[in-house]
Amino acid sequence: MFGAPWYQFLGAGERLARLAEAGHWYPTVMALVIASVLLVWASYAWSGAGAMRRLPFVRIVLCLVSAIYIGRGLGFVIIMPYFPGNSMVFWLVSSAICLGAGLIHAIGLRQVWSRL
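When we follow our numbering, the leftmost residue of the sequence shown carries the number 592, and every step to the right adds one.
Calculated from the structure, these hints are not laboratory results. A portion of the hints provided could be inaccurate.
Taking CB as the label site, the calculated pair distances span [unchecked claim]:
hint: 1; residue 1: 634; residue 2: 702; range: 15 to 25 Å
hint: 2; residue 1: 702; residue 2: 672; range: 31 to 41 Å
hint: 3; residue 1: 688; residue 2: 621; range: 14 to 24 Å
hint: 4; residue 1: 600; residue 2: 691; range: 12 to 22 Å
hint: 5; residue 1: 604; residue 2: 647; range: 28 to 38 Å
hint: 6; residue 1: 705; residue 2: 612; range: 44 to 54 Å
hint: 7; residue 1: 626; residue 2: 670; range: 26 to 36 Å
hint: 8; residue 1: 624; residue 2: 675; range: 15 to 25 Å
hint: 9; residue 1: 601; residue 2: 659; range: 17 to 27 Å
hint: 10; residue 1: 705; residue 2: 659; range: 19 to 29 Å
hint: 11; residue 1: 678; residue 2: 593; range: 13 to 23 Å
hint: 12; residue 1: 624; residue 2: 647; range: 38 to 48 Å
hint: 13; residue 1: 707; residue 2: 597; range: 11 to 21 Å
The C-beta atom is built at its ideal place from N, Cα and C for all residues, glycine as well.
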């Protein structure tokens with residue numbers, strides 16, 4: 592909706608921004624896939640918190656989600672070489688957000704574990 596500048600601002604890299612600028616389908620599909628995954632993860636978090644009906648495999652999924660977020664937050668140095676277009680500010684900010692989300696998920700999961 593906001594075009595190539597937003598892909599750059601959000602750290603998608605120069606290549607993806609150029610594809611978006613050219614009207615290519617790939618950046619849009621990738622954004623939708625990522626948004627869908629995050630929506631599923633959020634649904635499981637709400638389910639685990641009791642705010643919506645219980646979803647299947649809620650314990651396993653929430654453990655995996657927590658581990659993925661924490662792993663991304665702590666392991667950014669390992670994946671940095673695969674995305675050379677991203678700035679250090681992007682890596683530090685996005686990693687802090689992921690680590691924070693992972694810790695919040697893990698703390699919440701520990702609090703409700705017996706009810707799951």
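Broken hints, by number: Of the numbered hints given earlier, those the structure breaks are 7, 12, 13, listed in rising order.
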